[in-house]
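Colleague: So the protein sequences, as listed, match chains A and C.
With full-length UniProt numbering applied, the first sequence closes on residue 327, and no number is skipped along the way.
With full-length UniProt numbering applied, the second sequence closes on residue 313, and no number is skipped along the way.
Take these hints with a grain of salt, some might be off.
To be verified - From the derived model, a few chain C residues whose C-beta atoms are all more than 10 Å from chain A:
hint, residue
1, Tyr54
2, Trp80
3, Ala89
4, Asp150
5, Leu155
6, Pro159
7, Val220
8, Leu251
9, Asp255
10, Thr257
11, Thr293
Claimed, not checked - A few chain A positions that, by computed beta-carbon distances, are all more than 10 Å from chain C:
hint, residue
12, Arg52
13, Leu69
14, Tyr85
15, Leu139
16, Ala227
17, Leu232
18, Thr233
Unchecked claim - What follows is a list of derived Cβ distance ranges for each label pair:
hint, chain 1, residue 1, chain 2, residue 2, range
19, C, Phe215, A, Leu166, 55 to 65 Å
20, A, Pro249, C, Arg147, 18 to 28 Å
21, C, Leu286, A, Arg126, 25 to 35 Å
22, C, Trp140, A, Leu77, 32 to 42 Å
23, A, Leu248, C, Val141, 29 to 39 Å
24, C, Glu205, A, Phe197, 52 to 62 Å
FYI, nobody ran anything at the bench for these hints, they're computed from the structure.
Here a beta-carbon is modelled for each residue, glycine too, at the ideal position from N, C-alpha and C.
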Amino acid sequence: MVNKRYLARRFLLMVISIFTVATILFFLFRMVPGGPMSAIMSPRMTEAARQRVIENFGLNEPLWKQYLLYMWQLLHLNLGQSFYYGQTVKTLILDRFYNTMALMLTAFLISYTVGIYLGAQLGWIRGTSKERAGMLVVLLVRSTPVFWTGMIVLYVFAFKLNLFPLGGMRGVGAQYSGPVSKFLSVDFLYHLVLPVFTLCTYYTGLPLLLMRNNLLEVLSEDYIDTARAKGLTNRRILFRHAARNAVLPVVTAFAIAIGFAVGGQVLIETVFSWPGLGREMVKASLRSDYPVAQGAFLLLSTIVISMNFFADLAYTYLDPRVRLGGT
Amino acid sequence: MSGETSSSVAHSEGEPSQGWRRFFENLRNSAREQAHIFAQSRMAVAGLVILIFYVVIALISPYIVPYGPYERIYTDAGGWAKLQPPSLAHPLGTTESAYDVLSQLLLGARIAMFVGLLGAFMVAIIGTTVGLVAGYYGGWVDEIVMRIVDVLYGLPFIPFVIVLVTVLGASVWNIILGISLLYWLSTARVVRSEVLTVRERPYVEAAEAAGASDFRIMAVHILPNVIPLAALYAAIAVGYSIVAQASIAFLGFGDPTIPSWGVMLQRAFVTQSFGTAWWWVFPPGLSITMVVTGAYLVGRGYEEVVNPQLQEK
Chain A
1 MVNKRYLARR FLLMVISIFT VATILFFLFR MVPGGPMSAI MSPRMTEAAR
51 QRVIENFGLN EPLWKQYLLY MWQLLHLNLG QSFYYGQTVK TLILDRFYNT
101 MALMLTAFLI SYTVGIYLGA QLGWIRGTSK ERAGMLVVLL VRSTPVFWTG
151 MIVLYVFAFK LNLFPLGGMR GVGAQYSGPV SKFLSVDFLY HLVLPVFTLC
201 TYYTGLPLLL MRNNLLEVLS EDYIDTARAK GLTNRRILFR HAARNAVLPV
251 VTAFAIAIGF AVGGQVLIET VFSWPGLGRE MVKASLRSDY PVAQGAFLLL
301 STIVISMNFF ADLAYTYLDP RVRLGGT
Chain C
1 MSGETSSSVA HSEGEPSQGW RRFFENLRNS AREQAHIFAQ SRMAVAGLVI
51 LIFYVVIALI SPYIVPYGPY ERIYTDAGGW AKLQPPSLAH PLGTTESAYD
101 VLSQLLLGAR IAMFVGLLGA FMVAIIGTTV GLVAGYYGGW VDEIVMRIVD
151 VLYGLPFIPF VIVLVTVLGA SVWNIILGIS LLYWLSTARV VRSEVLTVRE
201 RPYVEAAEAA GASDFRIMAV HILPNVIPLA ALYAAIAVGY SIVAQASIAF
251 LGFGDPTIPS WGVMLQRAFV TQSFGTAWWW VFPPGLSITM VVTGAYLVGR
301 GYEEVVNPQL QEK
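The following block holds chain C by itself, in its conformation from the complex:
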């Protein structure tokens, strides 16, 4: 069945699935091209190394952590080994509840990378689609979409997620829902203005004259041009999403059963231990900073290569 379809596509020119094949071919070619460009930027490669490092930690952490995230550590005397400074047995010390900081830190990478990558993916998909449709159709579609964007800009993000979590329950999914609802706005705006210029180009007119469908023009002719831009915003959204999740958890709206960097900092803050236990406070904060910086470097380094104007400066 599938063999038949592909052979018929190869033979006849006007087959509708031809567009799809061309689309994926375009996508593959441009992906290869972009990867080549990407490797030229030292900034981007450095950022990528940081991100990959944390992704690897996230993947292997359940197998390498010395203790469970909520496994109580006891002293020789039998009491809780709480707020122990770093030692050989506990390289990052212990928390107020006598948990191992290093184990929590490593496991915290899982939720951070999950929220960061999924959040960025949602932002890229929603923002690009909305920007593409608004910019391509223009007129009242554009007007309505952009007014919706304007209204949504009036919702402050962190308070909005607090409301979502209060109403729908404290879970990572609701934080991702908040990210998906509000973080696509600037991506959509930027993609839209890019689409506005791309759609005036002669080859788009040519495709229109040749009778190509709206969908085909958008997917095959316009989308490849805005992908670099969408990628930049997705990279930045990785950082935003991670900070958002940590912030919400810090305010006490995180899921306390899942170890995360935000929950660690919240515990250190609520127990007021952060005044003494630097080993508990520094690692999660530094990890967040590193991942966010890494994601930003990836996006920025890539953009500088794609947009040579920036390099001259």
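Looking at chain A on its own, in the form it has when it is part of the complex:
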């Protein structure tokens, strides 16, 4: 199994990371226009509510006490109240979190599968004009800003062809009995198509390029020559012998990919009016709903950090060489 000391170290790093991010956020939001008060209190609050908030967040205390209190509240997952919705930030962002994950994980799964497959194929036909054309397409797609791709996709499939909805997550009048039926309903999947398609154009590039590069390295190994000499079919050599060994580093890149993914996610949620964390954060920042902006950022950051953690674990588990090293 995975080295215990490594696991402990890696876990500690994750906790420190989240802690540091929370600290950076605390100090950044003390600097908002209008002072720290406006970061926590809505101008429309009643005097009694104002006093209660001052009490809760210790705004009349010195900065270090405020900081300790903030951390204490955070440990209890108390992120304050939204100015705009009047809900607690916790319930609000949890709801958005599921929507974000539904979109992101679907897109990720498809992109990784397609990317690894296409990358292997492109690596196999290296040096041909077909491969060069393929690489040019990949390069152009990767250079395209994802929100613009989203707009073009909407222009073609929603405005011109009228095939898919313009945005949002559910049709008018759609009702669900629970989260499971919601995420599996036809209506939901129908709304999912365009955002997932757009995100895939953005996500697929990284696994594809990595897979191709790794495959090129693997193809120069002796055992590939052996496989050829044995007279195996190309398909068998590629998928049974080469691709299996080339896929490992693509898994580690998962960590980097998630970091990128969150950025793309924010943009795509805005373009497709997807009620997720990213869009909520953008809207909250624009309407100075600081508790929500802060909470959404913290959660997005936590997604990145914990995904990094799991990617590292998966890597140690998959690659025995890392396990022996212990670091």
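Guided by the hints, dock chain C onto chain A, whose structure is given.
Modeller: Using the frame of chain A, we list chain C on its own:
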């Protein structure tokens, strides 16, 4: 005064400024060498042509634009000439607010190239310095620096810049600040691992034995070896920075008074005009794609020449 210093450098061997002269000589020689290498890659030259094209547009656009970026165009009847399809007078049509698209597009190149080049410069400087110091000193310095890098990797870029802009105000400088704070991470990592191998080479040991200072070893003996790598990452950072700026502007956190490709797309999106006004939506997006591709080609083409292993593949 300066004449004296230079002559004394020429005469005595052990003068400290000798190192500096050698450093700049090295730098000049390697720059010349690299330029020669660079010209061999068709990919890199093609990318460079694209970049230069947009830099030239950025420089001359204020003098050639037919209309001001926010100059309202009126129809003959006196109303706003809004959402006009391309015509002779307006080759790229007009926007929802009756502004000339072509003028905005040309002027938008200015902010894009500014952010792209300055962002890349910051990324290269910060990433190379951090990677160099961490890789050279090793030990606890390396440990601390790399842990900081690990922690910063946990900050998702676009949301982080949104926070920065919300707190510090919507300006291009804050976007560049965000780029400088977060985009150097992979450059630093790659430079560091390169430094780790370079510093084991015999001539570095020789320099150490000869009593060269740490700074001198880093600047004169190690830095020239990592410059190609830093250049590659800087080239890629040009593209990233431009996309970052456009994305932030698209989300509504850009400075709306300065015409930029991101703000153009944001307006087209917010007014929902992008469903009809293709002439307003395609040009800025294509321009971003072109510049980013160009920057990538420069970096990649150059790398393929520097690193012959890639060519064999």
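Colleague: Checking each numbered hint in turn, tell me which of them this model violates, lowest number first.
Modeller: Of the numbered hints, 4, 5, 6, 8, 11 and 15 do not hold.
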